[in-house]
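Numbering of the sequence shown is given in the numbering used here, commencing with residue 1 and proceeding in unit increments.
Hints in this document: simulated from the structure, not taken from any laboratory. There may be inaccurate statements among the hints.
Unchecked claim - What follows is a set of in silico ranges between Cβ atoms, one per label pair, in the way DEER data are often shown:
#1 N51 to E18: 16 to 22 Å
#2 L30 to I60: 32 to 38 Å
#3 S42 to V2: 31 to 37 Å
#4 G52 to Q14: 28 to 34 Å
#5 R20 to S42: 28 to 34 Å
#6 E13 to A39: 18 to 24 Å
#7 P28 to A56: 16 to 22 Å
Computed from a predicted model, the values in this text were never measured in an experiment. Even for Gly, the Cβ is constructed at its ideal location relative to N, Cα and C.
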Amino acid sequence: MVHTSQGVLTALEQTSGEERWAISTDVPNLTLRGDSAPATVSGGVFWGTANGRLAAASLIVVS
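Throw the hints in and build the complete structure from the sequences for me.
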């Protein structure tokens, strides 16, 4: 998982580095500099957004 200063959380394949998926969030005009490190817990990923909110996504694969 990579969280960029442009508000994008990207999941990369561990072995190849290939992008698996990406989620984009809004970046307000006025923000404090600094990016949160995403944390994966119990099948989910959590990260702080540029507007001060906590975001979450499920990592569970449905087949």
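Checked hints:
no., hint, in the structure
1, N51 to E18: 16 to 22 Å, "violated (30 Å)"
2, L30 to I60: 32 to 38 Å, "holds (35 Å)"
3, S42 to V2: 31 to 37 Å, "violated (20 Å)"
4, G52 to Q14: 28 to 34 Å, "holds (30 Å)"
5, R20 to S42: 28 to 34 Å, "violated (19 Å)"
6, E13 to A39: 18 to 24 Å, "holds (19 Å)"
7, P28 to A56: 16 to 22 Å, "holds (20 Å)"
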